[in-house]
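Protein chains: 2
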Amino acid sequence: MKAVVISDNNVELKEVEAPIPFGDDLLVEVKSAGMNAADLLQVKGFYPPPPGYREDIPGLELAGTVVEVGPRAKRFRVGDRVMGIVGGAAQAELALISDAVAMRVPENIDIGLAGGFPEAFTTAYDALFLQGALTIGERLCVHGAAGGVGLAAIQLAVNAGARVTATSRTTQHKEELESLGAKVLHPDEMLGSGPYDVVLELVGAANMDANLKELAQGGRIVVIGVGAGSRFELDLRSVMAKRCRIMGSTLRARSTEEKAYLAAKMENQVIPLLESEAIRIHEFMSFPFSQAKEAYEAFTRSGKLGKLIFFSSSRP
Amino acid sequence: MKAVVISDNNVELKEVEAPIPFGDDLLVEVKSAGMNAADLLQVKGFYPPPPGYREDIPGLELAGTVVEVGPRAKRFRVGDRVMGIVGGAAQAELALISDAVAMRVPENIDIGLAGGFPEAFTTAYDALFLQGALTIGERLCVHGAAGGVGLAAIQLAVNAGARVTATSRTTQHKEELESLGAKVLHPDEMLGSGPYDVVLELVGAANMDANLKELAQGGRIVVIGVGAGSRFELDLRSVMAKRCRIMGSTLRARSTEEKAYLAAKMENQVIPLLESEAIRIHEFMSFPFSQAKEAYEAFTRSGKLGKLIFFSSSRP
Numbered sequence: 001m002k003a004v005v006i007s008d009n010n011v012e013l014k015e016v017e018a019p020i021p022f023g024d025d026l027l028v029e030v031k032s033a034g035m036n037a038a039d040l041l042q043v044k045g046f047y048p049p050p051p052g053y054r055e056d057i058p059g060l061e062l063a064g065t066v067v068e069v070g071p072r073a074k075r076f077r078v079g080d081r082v083m084g085i086v087g088g089a090a091q092a093e094l095a096l097i098s099d100a101v102a103m104r105v106p107e108n109i110d111i112g113l114a115g116g117f118p119e120a121f122t123t124a125y126d127a128l129f130l131q132g133a134l135t136i137g138e139r140l141c142v143h144g145a146a147g148g149v150g151l152a153a154i155q156l157a158v159n160a161g162a163r164v165t166a167t168s169r170t171t172q173h174k175e176e177l178e179s180l181g182a183k184v185l186h187p188d189e190m191l192g193s194g195p196y197d198v199v200l201e202l203v204g205a206a207n208m209d210a211n212l213k214e215l216a217q218g219g220r221i222v223v224i225g226v227g228a229g230s231r232f233e234l235d236l237r238s239v240m241a242k243r244c245r246i247m248g249s250t251l252r253a254r255s256t257e258e259k260a261y262l263a264a265k266m267e268n269q270v271i272p273l274l275e276s277e278a279i280r281i282h283e284f285m286s287f288p289f290s291q292a293k294e295a296y297e298a299f300t301r302s303g304k305l306g307k308l309i310f311f312s313s314s315r316p
Numbered sequence: 001m002k003a004v005v006i007s008d009n010n011v012e013l014k015e016v017e018a019p020i021p022f023g024d025d026l027l028v029e030v031k032s033a034g035m036n037a038a039d040l041l042q043v044k045g046f047y048p049p050p051p052g053y054r055e056d057i058p059g060l061e062l063a064g065t066v067v068e069v070g071p072r073a074k075r076f077r078v079g080d081r082v083m084g085i086v087g088g089a090a091q092a093e094l095a096l097i098s099d100a101v102a103m104r105v106p107e108n109i110d111i112g113l114a115g116g117f118p119e120a121f122t123t124a125y126d127a128l129f130l131q132g133a134l135t136i137g138e139r140l141c142v143h144g145a146a147g148g149v150g151l152a153a154i155q156l157a158v159n160a161g162a163r164v165t166a167t168s169r170t171t172q173h174k175e176e177l178e179s180l181g182a183k184v185l186h187p188d189e190m191l192g193s194g195p196y197d198v199v200l201e202l203v204g205a206a207n208m209d210a211n212l213k214e215l216a217q218g219g220r221i222v223v224i225g226v227g228a229g230s231r232f233e234l235d236l237r238s239v240m241a242k243r244c245r246i247m248g249s250t251l252r253a254r255s256t257e258e259k260a261y262l263a264a265k266m267e268n269q270v271i272p273l274l275e276s277e278a279i280r281i282h283e284f285m286s287f288p289f290s291q292a293k294e295a296y297e298a299f300t301r302s303g304k305l306g307k308l309i310f311f312s313s314s315r316p
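Residue numbers (the working numbering), protein chains in the order written: chain A, 1 to 316; chain B, 1 to 316.
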């Protein structure tokens, strides 16, 4: 099979051995695979995948058709359309995903787009609801709103009855973000715009002083992205005075059991919204695997709105 | 009535007008009233009480006998033994407490000690269980363990089936802390002693680097005291990598409704432990109100183990 392979801190499409499904693995013919910041870090030699995954093929999410199943796979069968989060190696014609972690792709959803769904929406769902405990009527501020996780978070929060403010450094996406139901600000306009019950931090530590100032009593700051810097001086008195919580996480390091738990929550609570078109996948650009270099170059440029998604040559 | 009155950043016993119970107030003849760090801050001109409380009489907790009730008091009656947390003005012969916030004093508990119970145990209960979600078998580290909140936290955590490590700067209290069921360390010995699921921070920001290093995946750091300093450089990557939560609070600023909620939880979950002697109040020193100056001087000294408690001259 062909795969996007890392070599010399860059990528190229190469012929490699196809993986073999063991245990509850599904072998999936990949129809689409979203790109994530972690892929770029992995290409640059940082952020290696968890143990058990090939280090030389990036890719944390995929959608496709099951072509073979391991002996202990219970839920999905050959021919099923699945999507999900994997520890790595998704950017290939064939990839493995645990039967317990895979999610069904609704019939009305384009499988060539679905590979851009799992990581952004699972991250946003976990951050907002399982960590941040966002609930109806609460005020949410999403920093870095134009990225895949940001767009997912706005849509999920609006659907949950929250009042959503989104910040973005560029003004070019204002209309699209507003059309999703968010009030849109430049991050420098955050001061005075609160209070917020939940802040979703997808950018970095530079926002933290304003986040703490604009946080409501009992508020939660959920940190998922720190691409723009991770260090700042925290005054614990402000944490005590606001009775707030600062929390963060990554999805990738979690155990298969935890990912399976999340996938079950997603199937129950979020995929129905995708199926009913209450939420949608924002594809910004797409590339065939053969244009892997161009795809990674495009990913480094600013001004993106939504996901960059690889598609297989067999995409219709 | 006589009261401990603040004047020129010091205290003296003075004759002042007795408070009058309105609404659901109980007028309590104070038998004992614990001292807290917040009292000292208030005497020094910081940390004023919330609106509606006299600023010139310190005291956040009391125990005593109800001598008069406001027209809307529903639970307690004249003659009842009560204790509880108030916004201020507890260090006086007579003080007001809301009927909804007052807690019963079990018959077998000395009312002359009970005034040292509410603040420490409610703070520890709220921090460990409502905020930190400490549960059976988890590993807890309590910094500043020899203070009133620290001793309360050790006892509650041990009773909850947690594995408890306590740190204290002085070695003189080691035996007593161990007798409560804690492993005892100097705070500098924390590195390598974890991992901990919950850290209760009662000292300050200087411990935070070690707290984060020794925290378990999914751990919680609950910050309740920062007397030794509140600022440090936080790297949000460590929060993400540990999938942890940093949280903090104060009790004093909470609404009467929130305090009533806490008091109900305490009556249901903690006072039975006091009654059965599974937990106890540690009195370090006690003073009559007439020795208010001496009491505040003693409070500033280090090496305390447990509570300093005022008692009224009518103490048996």
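FYI, nobody ran anything at the bench for these hints, they're computed from the structure. Treat the hints with caution; some may be incorrect.
[To be verified] Straight-line C-alpha distance at most 20 Å; calculated EDC-like pairs for lysine to aspartate or glutamate:
{"no.": "1", "chain 1": "A", "residue 1": "LYS213", "chain 2": "B", "residue 2": "GLU233"}
{"no.": "2", "chain 1": "A", "residue 1": "LYS213", "chain 2": "B", "residue 2": "ASP235"}
{"no.": "3", "chain 1": "B", "residue 1": "LYS213", "chain 2": "A", "residue 2": "GLU277"}
{"no.": "4", "chain 1": "B", "residue 1": "LYS74", "chain 2": "B", "residue 2": "ASP235"}
{"no.": "5", "chain 1": "A", "residue 1": "LYS74", "chain 2": "A", "residue 2": "GLU267"}
{"no.": "6", "chain 1": "A", "residue 1": "LYS265", "chain 2": "A", "residue 2": "GLU283"}
Query raised in the report: Are there hints from earlier that the structure breaks, and if so, what are their numbers?
Result: When the structure is compared with the hints, numbers 3, 4 and 6 turn out to be violated.
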